[in-house]
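Residue numbers (our numbering), protein chains in the order written: chain Z, 1 to 259; chain B, 260 to 518.
Please note that a few of the clues may not be correct.
Said to hold, decoys possible - Have a look at the derived ranges for each label pair, beta carbon to beta carbon:
no. : chain 1 : residue 1 : chain 2 : residue 2 : range
1   : B       : S454      : Z       : E29       : 33 to 43 Å
2   : B       : P479      : Z       : I55       : 45 to 55 Å
3   : Z       : P109      : B       : D409      : 41 to 51 Å
Said to hold, decoys possible - Okay, derived cross-link-like pairs now, DMTMM-like style, lysine to aspartate or glutamate, Cα gap no bigger than 20 Å in a straight line:
no. : chain 1 : residue 1 : chain 2 : residue 2
4   : B       : K346      : Z       : D150
5   : B       : K447      : B       : D502
6   : Z       : K39       : B       : E323
7   : Z       : K43       : Z       : E29
8   : B       : K302      : Z       : E51
9   : B       : K302      : Z       : D12
10  : Z       : K136      : B       : E510
11  : Z       : K39       : Z       : D12
12  : Z       : K22       : B       : D409
13  : Z       : K87       : B       : D409
14  : Z       : K43       : B       : E323
15  : B       : K281      : Z       : D150
16  : B       : K298      : Z       : E64
17  : B       : K346      : Z       : D120
18  : B       : K395      : Z       : E133
19  : Z       : K87       : B       : D379
20  : Z       : K43       : B       : E310
As the list claims (entries may be wrong) - Going by beta-carbon spacing under 10 Å, a handful of chain Z positions derived as facing chain B:
no. : residue
21  : Q80
22  : Q86
23  : A100
24  : N101
25  : N152
26  : V245
None of these hints come from the bench; they were simulated from the model.
For glycine and all other residues, C-beta sits at the position ideal for the given N, C-alpha and C.
Number of protein chains: 2
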Amino acid sequence: MFIIKIGGNVLDDQQMLTAFLKDFASIKEPKILIHGGGKIATKIGNQLGIESNYIKGRRITDAETLDLVTMVYGGLVNKQIVAALQKLSCNAIGVTGADANLISAVKRPVKEIDYGFVGDIRPAGVNTALLHELLKQNTVPVFAPLTHADGNMLNTNADTIASVLAVALSKYFDVRLIFCFEKKGVLKNVNDAGSVINHLPKKLYDEYFAQGIFADGILPKLENAYAAIDAGVKEVLIGESIDLVKNTGQETSGTLITK
Amino acid sequence: MFIIKIGGNVLDDQQMLTAFLKDFASIKEPKILIHGGGKIATKIGNQLGIESNYIKGRRITDAETLDLVTMVYGGLVNKQIVAALQKLSCNAIGVTGADANLISAVKRPVKEIDYGFVGDIRPAGVNTALLHELLKQNTVPVFAPLTHADGNMLNTNADTIASVLAVALSKYFDVRLIFCFEKKGVLKNVNDAGSVINHLPKKLYDEYFAQGIFADGILPKLENAYAAIDAGVKEVLIGESIDLVKNTGQETSGTLITK
Numbered sequence: 001m002f003i004i005k006i007g008g009n010v011l012d013d014q015q016m017l018t019a020f021l022k023d024f025a026s027i028k029e030p031k032i033l034i035h036g037g038g039k040i041a042t043k044i045g046n047q048l049g050i051e052s053n054y055i056k057g058r059r060i061t062d063a064e065t066l067d068l069v070t071m072v073y074g075g076l077v078n079k080q081i082v083a084a085l086q087k088l089s090c091n092a093i094g095v096t097g098a099d100a101n102l103i104s105a106v107k108r109p110v111k112e113i114d115y116g117f118v119g120d121i122r123p124a125g126v127n128t129a130l131l132h133e134l135l136k137q138n139t140v141p142v143f144a145p146l147t148h149a150d151g152n153m154l155n156t157n158a159d160t161i162a163s164v165l166a167v168a169l170s171k172y173f174d175v176r177l178i179f180c181f182e183k184k185g186v187l188k189n190v191n192d193a194g195s196v197i198n199h200l201p202k203k204l205y206d207e208y209f210a211q212g213i214f215a216d217g218i219l220p221k222l223e224n225a226y227a228a229i230d231a232g233v234k235e236v237l238i239g240e241s242i243d244l245v246k247n248t249g250q251e252t253s254g255t256l257i258t259k
Numbered sequence: 260m261f262i263i264k265i266g267g268n269v270l271d272d273q274q275m276l277t278a279f280l281k282d283f284a285s286i287k288e289p290k291i292l293i294h295g296g297g298k299i300a301t302k303i304g305n306q307l308g309i310e311s312n313y314i315k316g317r318r319i320t321d322a323e324t325l326d327l328v329t330m331v332y333g334g335l336v337n338k339q340i341v342a343a344l345q346k347l348s349c350n351a352i353g354v355t356g357a358d359a360n361l362i363s364a365v366k367r368p369v370k371e372i373d374y375g376f377v378g379d380i381r382p383a384g385v386n387t388a389l390l391h392e393l394l395k396q397n398t399v400p401v402f403a404p405l406t407h408a409d410g411n412m413l414n415t416n417a418d419t420i421a422s423v424l425a426v427a428l429s430k431y432f433d434v435r436l437i438f439c440f441e442k443k444g445v446l447k448n449v450n451d452a453g454s455v456i457n458h459l460p461k462k463l464y465d466e467y468f469a470q471g472i473f474a475d476g477i478l479p480k481l482e483n484a485y486a487a488i489d490a491g492v493k494e495v496l497i498g499e500s501i502d503l504v505k506n507t508g509q510e511t512s513g514t515l516i517t518k
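Excised from the complex, chain Z in its bound form (with noise of 0.2 Å):
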């Protein structure tokens, strides 16, 4: 099965959006969509006069910013990506976490900073059972990234909430869990755009790794995809939105991470 996470940047533009919910929609089932926020949160937050908080180069979550994240990415957000689905008969269900105990959370623990209403998660918080039932009816759960704990709402990261199904579905599927970014795939060189490494199996990277050619952003990516992998993904792809159809088959455009 198919576990797909899109970014914020094909959030924010509707073109590339109807396009990439065109392509999704031709995918067989079993299917999971989890998106990110976008832009879109901070211009509604900029117009209610929410303002962005930031402690040491890290956004928090206030009360406040809480309630524009529920609203924006599990209403607006969710919705619209939802009944767009709808109309290119792809029966897609979007949920938070908090949706029939999908995924659970610990309000994150307050150390250094106070991230505020933010979600740490695991494999272990998933409603496997009911989240199997969902996919055995044929619907497609579309997930906003937020869990919720206590009560409580919260902001959860979007990357980490696709690892962690992806984790937790591994028990009945064979998953390839795929983050839609904004380039090809990983690249040998970062200067050189054509320079895509199609197959990245752990012992390449760790040679790789040794000889310090992969750029600072792509590492913590990298480390979650074998995270995942070691936890019993059985495939994690990094790749471009534009190609997701192709990326779903056996000739990749992007970088297929594996044992």
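With the hints as your guide, set chain B onto chain Z.
Chain B alone, transformed into the frame defined by chain Z:
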């Protein structure tokens, strides 16, 4: 089973809402909650500079207003209710009609007035089979007053959603449809809050109607109620939110409407 609708007056009062959700959580499954909007949408709309448009006293849902209600009803209000119910060990799943195509609608045809993005629905538009599956999983659907058609979300009357769901599910269940409103029940004398009619079978209604005892405000509710009864719903109850638990039992404090 119980299909319960709460209106804006409960949503706008945090204390009333908390008490209501506690009562709702205590009711045995299967059950469904439908919530209306409340003043929060108007408040946020004002902050965003979205003007309320009325033609001949009827609110018009233009594109901006549609985004507003999708955010506020489908996101903020719906997910706050879901998170609160989850804390009360009620496995709520927040949905709109677009999700899993649970309620498809028709955009209201333009006649004298163009209502904009407003959905008209009927029981045949309910994805009864999937809704039944969700209930079988012991999840508790919580509906925001939104449906969809042709790739758009549509603003939809919450009372109508409740009725249509009740009719559709009467195929599987003995349904009691409960409308929570601001009075104890239907009054025999509109100036006497103690004159609640406890049981109002159709024959008695016809008698009272001929006597002209019903106030104009309650007549549309009563007509809706008997329409639901005629279409297969076993019982409709009109009562106050504070009496919810009592109104799910045999000895109700509201007005029980039957054949």
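A quick look at each hint next to the structure:
1. S454/B - E29/Z: 33 to 43 Å: With a Cβ separation near 56 Å, S454/B and E29/Z fall outside 33 to 43 Å, so the hint is violated.
2. P479/B - I55/Z: 45 to 55 Å: Holds: the Cβ-Cβ distance is about 53 Å, inside 45 to 55 Å.
3. P109/Z - D409/B: 41 to 51 Å: 46 Å, holds
4. K346/B - D150/Z: Holds, at about 6 Å.
5. K447/B - D502/B: 19 Å, holds
6. K39/Z - E323/B: Holds, because 18 Å separates the two Cα atoms, which is no more than 20 Å.
7. K43/Z - E29/Z: Violated: K43/Z and E29/Z sit about 34 Å apart, past 20 Å.
8. K302/B - E51/Z: The hint holds at about 18 Å.
9. K302/B - D12/Z: Distance of about 26 Å is beyond 20 Å: violated.
10. K136/Z - E510/B: With a Cα-Cα distance of about 41 Å, the restraint between K136/Z and E510/B is violated, given a limit of 20 Å.
11. K39/Z - D12/Z: OK: K39/Z and D12/Z at ~6 Å, within 20 Å.
12. K22/Z - D409/B: 14 Å, holds
13. K87/Z - D409/B: 6 Å, holds
14. K43/Z - E323/B: With Cα atoms ~14 Å apart, K43/Z and E323/B stay inside 20 Å; holds.
15. K281/B - D150/Z: Cα-Cα ~14 Å, so holds.
16. K298/B - E64/Z: 18 Å, holds
17. K346/B - D120/Z: Measuring from Cα to Cα gives roughly 17 Å; hence the hint holds.
18. K395/B - E133/Z: 11 Å, holds
19. K87/Z - D379/B: 17 Å, holds
20. K43/Z - E310/B: 18 Å, holds
21. Q80: 7 Å, holds
22. Q86: Q86/Z check passes; min Cβ-Cβ to chain B is 6 Å, inside 10 Å.
23. A100: 4 Å, holds
24. N101: At 6 Å from the nearest chain B Cβ, N101/Z passes the 10 Å test, so the hint holds.
25. N152: Given a least distance of 6 Å, the restraint on N152/Z holds.
26. V245: 21 Å, violated
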